[in-house]
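Heads up, my numbering is the position in the sequence shown plus 271, with the first residue counted as 1.
Mixed in with the good hints there might be a few duds.
To be verified - Below, simulated SDA-like cross-link-like pairs (lysine to any residue); rule was C-alpha separation at most 25 Å, straight line:
no.	residue 1	residue 2
1	Lys340	Ala294
2	Lys459	Gly425
3	Lys340	Ser285
4	Lys467	Phe457
5	Lys340	Pro444
6	Lys340	Leu321
7	Lys467	Ala418
8	Lys459	Thr409
9	Lys340	Glu422
10	Lys340	Glu417
11	Lys459	Val469
12	Lys340	Gly359
13	Lys340	Trp290
14	Lys459	Val474
15	Lys467	Gly526
16	Lys459	Leu472
17	Lys467	Leu450
18	Lys340	Asp420
19	Lys340	Leu326
20	Lys467	Gln410
21	Lys459	Trp521
22	Lys459	Gln410
23	Lys340	Met283
24	Lys459	Ser516
25	Lys340	Ser282
26	Lys340	Ser377
27	Lys340	Thr409
28	Lys459	Arg336
29	Lys340	Ala414
30	Lys340	Phe305
31	Lys459	Pro444
32	Lys459	Glu422
33	Lys459	Pro473
Simulated from the structure, these hints should not be mistaken for laboratory data.
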Amino acid sequence: MIESLETGDESMQSLRRTWRRLASLAAILLLLAFGLIRSAWDPSHAAGWLGLASLAVTYQLLFLRRALKSNHRADSQTLLPSLGAGTGATFARGLLLAGAGGFLFSARPAGGLAWGAMALFTAAELLDYLDGYLARMTQHQTALGEAFDLELDGMGMLIGSGLGVWYGTLPWPFLIIGLAGYLFRFGKWVRRRAGKEVFELPVSVSRRPIAGMTMGFLSAMLWPILSPPATTLAGVFFLAPLLASFSRDWLVVSGVTDPQGAGYARARSWARAALLRWLPVPGRLILVLSLASSIVGKLTNYPREVAIFTEAGFPFAEGVVLLFSTLEGGLAVLIGLGVAGRAAAFLLVFPIGLTIVAGGLDAESGISLAGLLLILILGTGALSLWQPEDRIFTRRLGADHA
Numbered sequence: 272m273i274e275s276l277e278t279g280d281e282s283m284q285s286l287r288r289t290w291r292r293l294a295s296l297a298a299i300l301l302l303l304a305f306g307l308i309r310s311a312w313d314p315s316h317a318a319g320w321l322g323l324a325s326l327a328v329t330y331q332l333l334f335l336r337r338a339l340k341s342n343h344r345a346d347s348q349t350l351l352p353s354l355g356a357g358t359g360a361t362f363a364r365g366l367l368l369a370g371a372g373g374f375l376f377s378a379r380p381a382g383g384l385a386w387g388a389m390a391l392f393t394a395a396e397l398l399d400y401l402d403g404y405l406a407r408m409t410q411h412q413t414a415l416g417e418a419f420d421l422e423l424d425g426m427g428m429l430i431g432s433g434l435g436v437w438y439g440t441l442p443w444p445f446l447i448i449g450l451a452g453y454l455f456r457f458g459k460w461v462r463r464r465a466g467k468e469v470f471e472l473p474v475s476v477s478r479r480p481i482a483g484m485t486m487g488f489l490s491a492m493l494w495p496i497l498s499p500p501a502t503t504l505a506g507v508f509f510l511a512p513l514l515a516s517f518s519r520d521w522l523v524v525s526g527v528t529d530p531q532g533a534g535y536a537r538a539r540s541w542a543r544a545a546l547l548r549w550l551p552v553p554g555r556l557i558l559v560l561s562l563a564s565s566i567v568g569k570l571t572n573y574p575r576e577v578a579i580f581t582e583a584g585f586p587f588a589e590g591v592v593l594l595f596s597t598l599e600g601g602l603a604v605l606i607g608l609g610v611a612g613r614a615a616a617f618l619l620v621f622p623i624g625l626t627i628v629a630g631g632l633d634a635e636s637g638i639s640l641a642g643l644l645l646i647l648i649l650g651t652g653a654l655s656l657w658q659p660e661d662r663i664f665t666r667r668l669g670a671d672h673a
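When you get a sec, could you build the whole thing from the sequences and use the hints?
Written out as structure tokens, the structure reads:
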């Protein structure tokens with residue numbers, strides 16, 4: 272027993288030393304980033320960036336410090352002496368999110384720095400996919416790592432939606448999504464304080480894909496070249512399923528809905544069939560017809576299309592029009608056949624998005640945008656030849672090594 276306590280004390284001392292090194296590293300990186308940003312931005316805005324980013328990093332460090340005692344595997348109470356590669360990647364993700372959050376409440380920078388928030392946020396979300404993989408591959412999955420990852424999920428959603436609303440690309444109700452995780456936890460705390468039971472959420476194959484696509488969507492909404500009304504339309508499309516998902520989860524944890532009940536199972540089965548199998552089929556057809564109309568319009572009104580892209584500042588406008596027409600045609604075939612439809616819809620974001628940037632949002636481009644968002648969220652559904660993305664969306668990287 273004494274030896275076990277001594278080992279635990281040594282592990283905690285090692286973790287505290289690691290924490291102090293991480294805190295020092297974070298301070299150095301913040302100051303270096305501040306120096307770079309200050310050289311390219313208004314000093315007052317740069318100071319605001321440093322203040323907000325430092326606040327976010329301080330919160331993360333305090334959370335990590337309190338959670339050090341949880342640095343053990345799920346099946347053991349033995350404290351591990353190192354945080355591991357996975358938690359290290361999660362900490363790096365937190366620094367990137369803090370950097371993105373620093374741009375809140377300031378005017379969007381000009382020049383290359385205008386892409387700063389988007390680049391930092393996107394890099395953070397790529398690390399979100401990698402940190403769990405590293406933890407599983409190194410057999411270093413801990414309660415601390417899981418809790419820290421979930422904490423940053425909520426922070427990332429709040430920062431991403433906050434930036435989108437602040438920059439005017441997303442409607443203000445999208446802030447509900449950013450606050451949803453915190454409101455959810457607050458609601459559970461209130462129920463416990465009131466002596467009411469809080470029920471566990473069942474395992475869901477859709478929860479992770481929805482969260483992943485939301486973060487990818489928020490990254491896209493931070494592109495400086497995107498603006499309403501196209502982004503508003505996209506925001507509404509993403510807002511509806513997210514609110515439905517959070518509402519369903521709250522009904523479960525509050526005991527209103529029993530996920531083990533026969534009625535819930537029937538309703539869930541019906542909803543999955545309607546939304547994931549059959550709704551995408553007419554959506555695919557409408558999207559393909561809209562893309563066909565877009566291609567015909569580009570080719571039959573080629574000079575006008577070239578003029579639109581030229582006036583919008585695109586270099587090699589003639590080539591851009593031909594490239595977009597070719598891309599839309601090839602991707603329309605894939606979506607129509609249901610071959611890697613989600614990947615094709617993702618690639619369609621670029622020609623359709625840039626076409627909207629150049630010529631504005633009209634009925635045709637609006638239908639195309641709505642169609643590709645539908646496919647991104649739901650997939651291509653029934654009568655699809657090949658859907659390899661579904662495995663990627665519903666499985667964690669490195670899950671076979673867990």
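Q: Could you work out which earlier hints the structure fails to respect and list their numbers in ascending sequence?
A: 5, 6, 8, 20, 22, 26 and 30
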